[in-house]
Amino acid sequence: MRELRSPATAELLDEALVLRFDSPASSTGEDVVEFQCHGGRAVVDAVLSAIGAIDGVRLAEPGEFTRRAFENGRIDLTEAEGLADLIEAETESQRKAALSLAEGGLRKQIDRWQEQVLGFSARAERAIDYADEGGPEGDPQLSSECGALASELRAWLDRPRIEPLKDGVRVVVAGPPNAGKSSLINTIAGQERAIVTDVPGTTRDHIEVPLSVAGIPLIVTDTAGLRETEDQVEAIGVSRAEALVGAADVLLWLGAPDQAPQHPRLIRIHPKADLGEPIPERALGVSVVTGEGLGALLLQVADLAKSVLPAEDAIALNRRQAQHIGEAAEAVRAAASAADLVLVAEELRQARHAFDRLSGRAGVEDVLDALFSRFCLGK
Amino acid sequence: MFDVLVIGAGHAGCEAASAAARRGASVGLLTFRPEDAGQMSCNPSIGGVGKGHLVRELDVFDGLMAGAADQAAIHRRMLNRSKGPAVWGPRVQADRKLYRVAIGELLAETGVEIVVAEATGLIVRNGAIAGVETGAGTLHCRSVVIATGTFLDARMFVGEQLVAGGRHGERAALALAGQIRDIGLGQGRLKTGTPPRLDGRTIDWARLEEQPSDADEWAMSALDDGIRRLELRCAITRTNGRTHEIIAANFGRSPLFAGAIEGRGPRYCPSIEDKVKRFGDRDGHQIFLEPEGLDDRLVYPNGISTSLPADVQRDFVRSVDGLERVEMVRPGYAVEYEFVDPRRLGGTLEVRDLKGLFLAGQINGTTGYEEAAAQGLVAGLNAAARALELSEVRFDRRSSYIGVMVDDLTLQGVSEPYRMMTARAEYRLSLRADNATTRLGEAALAAGCLSDRRREQIEAHFERRSGPGWAETGEGRADALYAPYVQRQQREWDAVQRDARVWIPAELDYAAIPGLSTEMVERLDAARPETLDQASRVHGVTPAALSALYVAASRRAAA
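One line per chain: the protein sequences are A and S, in this order.
Heads up: the first sequence at position 330 corresponds to 330 in the working numbering, and the numbers run straight through without jumps.
Heads up: the second sequence at position 535 corresponds to 535 in the working numbering, and the numbers run straight through without jumps.
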């Protein structure tokens, strides 16, 4: 417990808990002092402005502490990414996924893969560099083991990604002009009172509304603008709409049910249900006027959205991680099918590089270490 | 007054002396005994996987080793034939005496003057080499290549016996070792070992599996004189449970395990007692019985190097199939020797802090004739460059195993004797034993170290490459086989080249760079990388450290 006083006026600002972390054992690896002030906004502001008045002191840039921790070797790249997500996390399930990554869940999984590929490399290199050591020609197991790892990696790539959790599940509302797309979105947004920010990412072409439904982050996109400008820029408009529909995690279709685009997570909506037209089979009647069907719609959206989200305690990959793991999977698959051992070794080298880029570690010495600790070699 | 003085006439020293002489330098070659030039002190074979690649590269620069190996070959095998051509490894068994004679003749052709004396000290003036003190007086020179192998303060172990000396019956270079330590170059000790030598007449060859010589006619050198000697038989046998029992019962008498040897040995060439201790579950280890020469009864049992006492060696050898009645002519022994931290050297193998001093061979922590010879070439070419103000000759990882080795040594240093393996070469698919001329021909021509005959061979090779029918040659077919992979590797290399253009100032203070941990500062300080690319290959350096380094280097460049 320490008294915090303004350096300029010596005025007492707060009695705060002050924690001192010496480098390199702090979270960033540098000397860190933490002030735990009393909660009031005024107190915090006063302390911040007092500190800010000191020459050479400034507020941290967004993510700067994480970056410093990374640069000082306190955390590695995958952990840094997890922390960055944690800071950005806006909902409860986002926070849990971020924590699992930060705690090194992915790190451990990558370690296991890296270890496995290293072992494969060592076996291939052994057969090449110790050609005259006798023993059976080749390593028939190697190919099938590479194949198994490739399948495992592919399975990981098919799992739900972190982007829907971080950026929100993409819910795209599509349908013919004047079907009521915009009013539907406005109603949902209003009813939930869950708009997190002011219409970010708004472009001339479409409108995105971030929402949280049942704790699930959503980005609802209105394709209205697209169809209505069809006349002027028809080709561009249509292709953009198609692209949006293609990228949708969940598609809400407000047109005739039999004209709905193909989509794995599709909800057919019969809008303006209050007008008394018969509600087609397979469609959900919704009225923004009476509120009919809105509750059921949100439930369905939440259910479908959940299926593209990673399970709460599961490790989810982000785009960068998925890309490197994809490269590794491709290389290991090629290693499984290559006939020449030299090419098997080359593909495994590529796979190692992909993992190295993912985790930020590298080196031929790692392979040699694996090689020499496992095999009795040398004449 | 010599332009270049070379200390030591082993594989590194002979190549260094002749390479410097081929560039036009007047060269003196210092040795304890003239007959030691070209001595194969260990295994009587040249080449192999990775090592054969080095020999072929050396050959492009008119190095001695390939030609001498061809003249002395009594058994030839192209290793790895069942695998892709990138890793085929030409290897010959050489007749020890014929090899020495061949090296002696080749050396004489280059005009190198052999000086029989011990080097006792270096003369340094104004931070540069000025000469060498020897037992026969002071010799002045412009540059020096130290290629003393295991002879720096070496100690030999046979069981409980300890003898000072670098090789069987020879002296250790104590005085020079002292001065190298004074200059601050000494690093630590390494060990290596040899097996006992057997009397071939007492081996029961008929019971053993024979290893035939290759039927097709390939040569080590691109300048093949067509000499084919009588082929000798090599054979394979293996240790068994009884052998291992005898060895295990005597672990206590091995200087390795009793703690007398402090130096670290090569993991890839372990002694038989190491193999038994670490891999006790194996039921046997192979032994290759390699005759040392045409009129030599000695046989080198490759695979059982040892420093156990002589009586134990005899007992365990006789427990092996086919060796029940064998006579052991000389026991095996371990040698422990001092080496220099090669990270103190630049890419030309010149000591960074002492102009004109070059180090080559085992003194830099390597093992093997081929590794030593290849360094001798690099040091010799550049020692001549230093003395005569010629252009440097540098090798890179993309175009040669020599480049891989020099880069590994000068950047990573060694913690165990360094042996070439193809696994070390990331551009392995392009670095084949069959395309050394293609890879290095231009550089060799530019270095101005070639005989007329070699120059014509290289020019003819390039002509054939661009002519019709090239696709049908062995090299052409291998080119086609690997073409897609080589393209991918070229993109990798382009990225490396981008990083290689980010120069790290020599006087950069790593400790002052924000964001570098103490460990990173230590690693980088020891390696002193010249470019960001080199820094990225320093063992253990993290991407975070690299980005901090990149920021610091570009900030300084901008300032």
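These aren't lab readings, by the way, just hints derived from the structure by calculation.
Each residue gets a CB set at the ideal place from its N, CA and C atoms; glycine is no exception.
It is possible that some hints are incorrect.
Quick list of simulated restraints, FRET-style, between CB atoms [to be verified]:
no., chain 1, residue 1, chain 2, residue 2, range
1, A, 2, S, 182, 31 to 41 angstroms
2, S, 497, A, 154, 26 to 36 angstroms
3, S, 210, A, 141, 38 to 48 angstroms
4, A, 58, S, 506, 32 to 42 angstroms
5, A, 57, S, 497, 37 to 47 angstroms
Computed list of chain A residues with no C-beta within reach of chain S, every gap over 12 angstroms [as the list claims (entries may be wrong)]:
no., residue
6, 256
7, 340
8, 344
A short, non-exhaustive set of chain A residues, derived as facing chain S with CB atoms under 8 angstroms [said to hold, decoys possible]:
no., residue
9, 277
10, 342
11, 346
Each hint, compared with the structure:
1. Checked against the given bound of 31 to 41 angstroms, the beta carbons of residue 2 (chain A) and residue 182 (chain S), roughly 56 angstroms apart, lie outside it.
2. Restraint check, residue 497 (chain S) to residue 154 (chain A): a C-beta distance of roughly 34 angstroms satisfies the suggested window 26 to 36 angstroms.
3. Between residue 210 (chain S) and residue 141 (chain A), the C-beta spacing of about 30 angstroms breaks the proposed range 38 to 48 angstroms.
4. Restraint check, residue 58 (chain A) to residue 506 (chain S): a C-beta distance of roughly 34 angstroms satisfies the suggested window 32 to 42 angstroms.
5. Checked against the given bound of 37 to 47 angstroms, the beta carbons of residue 57 (chain A) and residue 497 (chain S), roughly 42 angstroms apart, stay inside it.
6. With a cut of 12 angstroms on Cβ distances, residue 256 (chain A) stays outside the contact zone with chain S, its closest approach being about 50 angstroms.
7. Chain S draws residue 340 (chain A) into its interface by the beta-carbon criterion, the shortest separation being 4 angstroms against a cut-off of 12 angstroms.
8. For residue 344 (chain A), the shortest C-beta to C-beta distance to chain S comes to about 10 angstroms, within the 12 angstroms cut-off, and the non-interface label is violated.
9. Hint status for residue 277 (chain A): violated, given a least beta-carbon distance of 61 angstroms to chain S, over 8 angstroms.
10. A hinted interface residue such as residue 342 (chain A) counts as satisfied when its beta carbon comes closer than 8 angstroms to some beta carbon of chain S; here the least separation is about 4 angstroms, so the hint holds.
11. A cut of 8 angstroms between beta carbons decides the hint on residue 346 (chain A): the least distance to chain S is about 6 angstroms, and the hint holds.
Checked against the numbered hints given earlier, this structure breaks hints 1, 3, 7, 8 and 9; the rest are met.
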